[in-house]
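Participant: Sequences are here, hints too, so could you generate the full structure?
There are 2 protein chains.
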Amino acid sequence: MVGFSHGAVIRRQLFLTRCLGGYNSSSTNICYSSAVKMQSSASGGGGGGAWPEVDAVTILRSITPSLDTSRHKGQAGKIAVVGGCREYTGAPYFAAISALKIGADLSHVFCTKDAATVIKSYSPELIVHPILEESYSVREEDKKSISAKVIEEVDKWMERFDCLVIGPGLGRDPFLLDCVSEIMKHAKRSNVPMVIDGDGLFLVTNSLDLISGYHLAVLTPNVNEYKRLVQKVLECEVNDRDGTQQLLSLVKGIGGVTILRKGASDLISDGETVSAVSSFGSPRRCGGQGDILSGSVAVFISWARQCTEKRELSAGPTVLGCIAGSVLLRKAASHAFDSKRRSTLTTDIIEHLGESLEELCPVSE
Amino acid sequence: MVGFSHGAVIRRQLFLTRCLGGYNSSSTNICYSSAVKMQSSASGGGGGGAWPEVDAVTILRSITPSLDTSRHKGQAGKIAVVGGCREYTGAPYFAAISALKIGADLSHVFCTKDAATVIKSYSPELIVHPILEESYSVREEDKKSISAKVIEEVDKWMERFDCLVIGPGLGRDPFLLDCVSEIMKHAKRSNVPMVIDGDGLFLVTNSLDLISGYHLAVLTPNVNEYKRLVQKVLECEVNDRDGTQQLLSLVKGIGGVTILRKGASDLISDGETVSAVSSFGSPRRCGGQGDILSGSVAVFISWARQCTEKRELSAGPTVLGCIAGSVLLRKAASHAFDSKRRSTLTTDIIEHLGESLEELCPVSE
Numbered sequence: 005m006v007g008f009s010h011g012a013v014i015r016r017q018l019f020l021t022r023c024l025g026g027y028n029s030s031s032t033n034i035c036y037s038s039a040v041k042m043q044s045s046a047s048g049g050g051g052g053g054a055w056p057e058v059d060a061v062t063i064l065r066s067i068t069p070s071l072d073t074s075r076h077k078g079q080a081g082k083i084a085v086v087g088g089c090r091e092y093t094g095a096p097y098f099a100a101i102s103a104l105k106i107g108a109d110l111s112h113v114f115c116t117k118d119a120a121t122v123i124k125s126y127s128p129e130l131i132v133h134p135i136l137e138e139s140y141s142v143r144e145e146d147k148k149s150i151s152a153k154v155i156e157e158v159d160k161w162m163e164r165f166d167c168l169v170i171g172p173g174l175g176r177d178p179f180l181l182d183c184v185s186e187i188m189k190h191a192k193r194s195n196v197p198m199v200i201d202g203d204g205l206f207l208v209t210n211s212l213d214l215i216s217g218y219h220l221a222v223l224t225p226n227v228n229e230y231k232r233l234v235q236k237v238l239e240c241e242v243n244d245r246d247g248t249q250q251l252l253s254l255v256k257g258i259g260g261v262t263i264l265r266k267g268a269s270d271l272i273s274d275g276e277t278v279s280a281v282s283s284f285g286s287p288r289r290c291g292g293q294g295d296i297l298s299g300s301v302a303v304f305i306s307w308a309r310q311c312t313e314k315r316e317l318s319a320g321p322t323v324l325g326c327i328a329g330s331v332l333l334r335k336a337a338s339h340a341f342d343s344k345r346r347s348t349l350t351t352d353i354i355e356h357l358g359e360s361l362e363e364l365c366p367v368s369e
Numbered sequence: 005m006v007g008f009s010h011g012a013v014i015r016r017q018l019f020l021t022r023c024l025g026g027y028n029s030s031s032t033n034i035c036y037s038s039a040v041k042m043q044s045s046a047s048g049g050g051g052g053g054a055w056p057e058v059d060a061v062t063i064l065r066s067i068t069p070s071l072d073t074s075r076h077k078g079q080a081g082k083i084a085v086v087g088g089c090r091e092y093t094g095a096p097y098f099a100a101i102s103a104l105k106i107g108a109d110l111s112h113v114f115c116t117k118d119a120a121t122v123i124k125s126y127s128p129e130l131i132v133h134p135i136l137e138e139s140y141s142v143r144e145e146d147k148k149s150i151s152a153k154v155i156e157e158v159d160k161w162m163e164r165f166d167c168l169v170i171g172p173g174l175g176r177d178p179f180l181l182d183c184v185s186e187i188m189k190h191a192k193r194s195n196v197p198m199v200i201d202g203d204g205l206f207l208v209t210n211s212l213d214l215i216s217g218y219h220l221a222v223l224t225p226n227v228n229e230y231k232r233l234v235q236k237v238l239e240c241e242v243n244d245r246d247g248t249q250q251l252l253s254l255v256k257g258i259g260g261v262t263i264l265r266k267g268a269s270d271l272i273s274d275g276e277t278v279s280a281v282s283s284f285g286s287p288r289r290c291g292g293q294g295d296i297l298s299g300s301v302a303v304f305i306s307w308a309r310q311c312t313e314k315r316e317l318s319a320g321p322t323v324l325g326c327i328a329g330s331v332l333l334r335k336a337a338s339h340a341f342d343s344k345r346r347s348t349l350t351t352d353i354i355e356h357l358g359e360s361l362e363e364l365c366p367v368s369e
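As given, the protein sequences belong to chains A and B, one line each in that order.
Going left to right, the first sequence walks through residues 5 to 369 as the working numbering numbers them.
Going left to right, the second sequence walks through residues 5 to 369 as the working numbering numbers them.
Hints may be right or wrong, so weigh each one.
One copy or two, it doesn't matter: identical chains are merged, so the pair holds either way.
[Claimed, not checked] Here are the simulated DMTMM-like cross-link-like pairs (lysine to aspartate or glutamate), alpha carbons at most 25 angstroms apart as the crow flies:
1) Lys344 x Asp109
2) Lys160 x Asp342
3) Lys77 x Asp244
4) Lys117 x Glu129
5) Lys314 x Glu362
6) Lys124 x Glu239
7) Lys153 x Glu91
8) Lys147 x Asp118
9) Lys192 x Glu313
10) Lys117 x Glu91
11) Lys160 x Asp182
It is worth saying that the hints were derived from the structure and are not from the lab.
Facilitator: Below, the structure is given as structure tokens:
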């Protein structure tokens, strides 16, 4: 770890664990690492370098709200996914249904008309708004008015949402991405957190201004998306020998966002610390797991923000949300793989979200 | 309970229980309160104030028809849900399928064309009429003729229905709501009971004449919908210290309808008494549970009306239907939550309706 005080990281992580603690890990059946653990670069396909393993389960527990019969609809979270086009319908569905399966009360999808019928038919639990348009269905002279209408439709809802997920199955149609850029600007003005994944990362990598300096933005890049971000922001290649330092530089280069770098270990940084979540997940790499992660992180961020209104936490809600989402996905993927082996698909993992959350954070506690 | 004779309520409830009774509660595995029970305001997040806990299970049993091989299709209830638009398809589906899962013979949905394809795809059990229209698909000059056509289509069916559910996923399009207002006027003229929820409540709160004085109308507001009703009718804020009295005033202010105020305890009033159902349900507040309730209440009202044709009951069919619907939803939600915990969704609760009804009112009895 070059140019970065490792002692400071350890102290901060220990402080984080103490602040969030209160559970006796040894009394549970969950196996997680010590609060701070060094890993060799050889073991970390996702990041390289040394990084502090965070006590992710304690963090997940600390931000997950207790269930209380006096609460009413909406208080456990209202999430919206912006994504779904002519080609992609699975990704936004995975993100939106994962949010509900974890415990959000309402989950919306904003997508194109073609995608809407299909996404609605996957599940009656989602509220699907068929409002986005792609270039092929819009005449040049209508673009301005249609764009204004799209923004107006989303704006009606914006302040009701606790978090947006931008990108699952968004596609790369230029007109559609222009509209989504506007939606992101409005979300920023309304102080609504955004988790940005998939084609949303393609969009922001080419338009960093959209998120630069916005401390409620979370980017969740996979290997290739991370590579493009590093090339764009740091103007160099990914350096796996010093992954921690490069991640910190990248976050600082963009300015104030949080990045969850997906890999064999997930690395999470807001520019101040780097945390790793490395608990065993599944060796299957079927498409769609990133969508579960983005939907889950959105819910956990909402919950962490509710906590920070009541008490001081030792890390920001975006970092805590990423850590909790990462450890939950890994647990659910591990259960799904135990049951389905090579046949494990994203829907199988989603089916294990509830049971996994119950194991990590039982309702009765 | 200020300004409300508690002794009279106790006598009326005891009379109600005697009239409807005949079951020995101690011989079942159902835990329910004594016929009349006072609760402190602290325990009732939904209402506040003291209220009489009703013997909901006995009421449910008393109105649920025995199954008899001599009966033919339709006799156990024909329900229609008016709802489902471009944005919402889950809500009308939940209401309509719940009606069937409880025991109705036929369940119809009247919705827009866009919604119809999706709702049909959720289940082949439903009869879905794609007849409603939203402003965006109608030219100004066609509105009158289209509206007339919509009413004509619904009128063909109106007298066959035992109860309508107005509102699940209806949306707030002005043209669509105008058509639904006409449907409600026709239902009223035909003496068809109506359960009004969701956007149907938005409609009637702004047009109280639609239901004022109609004793077969049931409103099922949640916290926010109740707040808007109180503001509109009583021109004041919700008073949780004296919730019972305010509910009676609200019912009287609207004139002769029945209100089921949803909350930690459900409070039900037709302006004469207030009954509470507080049995444990689920602490999950995922969207859609209100739709199960509206569909269930519609079926129980139909059944209660069949009973009143044969024998005198001590409360009107709307009150009895609300009580039975409330206790059944709570039982089903409780079972779903036992199994799915934080991951509990509305479809999970629907899957437990049959088993819950069998527990509360076994077919063999």
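Participant: State for each hint whether it applies.
Facilitator: Tested hints:
1. Proximity of lysine 344 and aspartate 109 under a CA criterion of 25 angstroms is satisfied inter-copy only: 15 angstroms between copies versus 29 angstroms inside one chain copy.
2. For the identical chains of this complex, lysine 160 and aspartate 342 are neighbours neither inside a copy (44 angstroms) nor across copies (36 angstroms), given an alpha-carbon limit of 25 angstroms.
3. Proximity of lysine 77 to aspartate 244 under the C-alpha cut-off of 25 angstroms is restricted to the inter-copy arrangement: shortest distance 18 angstroms between copies versus 45 angstroms within a copy.
4. When the C-alpha separation of lysine 117 and glutamate 129 is checked against a cutoff of 25 angstroms, the pair qualifies both within a copy, at 18 angstroms, and between copies, at 20 angstroms.
5. Only within a single protomer do lysine 314 and glutamate 362 lie at most 25 angstroms apart by alpha-carbon distance; the minimum there is 24 angstroms, versus 44 angstroms between protomers.
6. Within a single copy, lysine 124 and glutamate 239 get their C-alpha atoms no closer than 42 angstroms, and across copies no closer than 39 angstroms, so neither meets the 25 angstroms cut-off.
7. In this homomeric assembly, lysine 153 and glutamate 91 come within 25 angstroms of each other (Cα to Cα) both inside a single copy, at 23 angstroms, and across copies, at 16 angstroms.
8. When the C-alpha separation of lysine 147 and aspartate 118 is checked against a cutoff of 25 angstroms, the pair qualifies both within a copy, at 18 angstroms, and between copies, at 24 angstroms.
9. Proximity of lysine 192 to glutamate 313 under the C-alpha cut-off of 25 angstroms is restricted to the intra-copy arrangement: shortest distance 19 angstroms within a copy versus 49 angstroms between copies.
10. Taking the shortest alpha-carbon separations for lysine 117 and glutamate 91, both the intra-copy value of 12 angstroms and the inter-copy value of 11 angstroms come in at or below 25 angstroms.
11. In this homomeric assembly, lysine 160 and aspartate 182 come within 25 angstroms of each other (Cα to Cα) both inside a single copy, at 19 angstroms, and across copies, at 22 angstroms.
Hints 2, 6, counting from the list given before, are not met by this structure.
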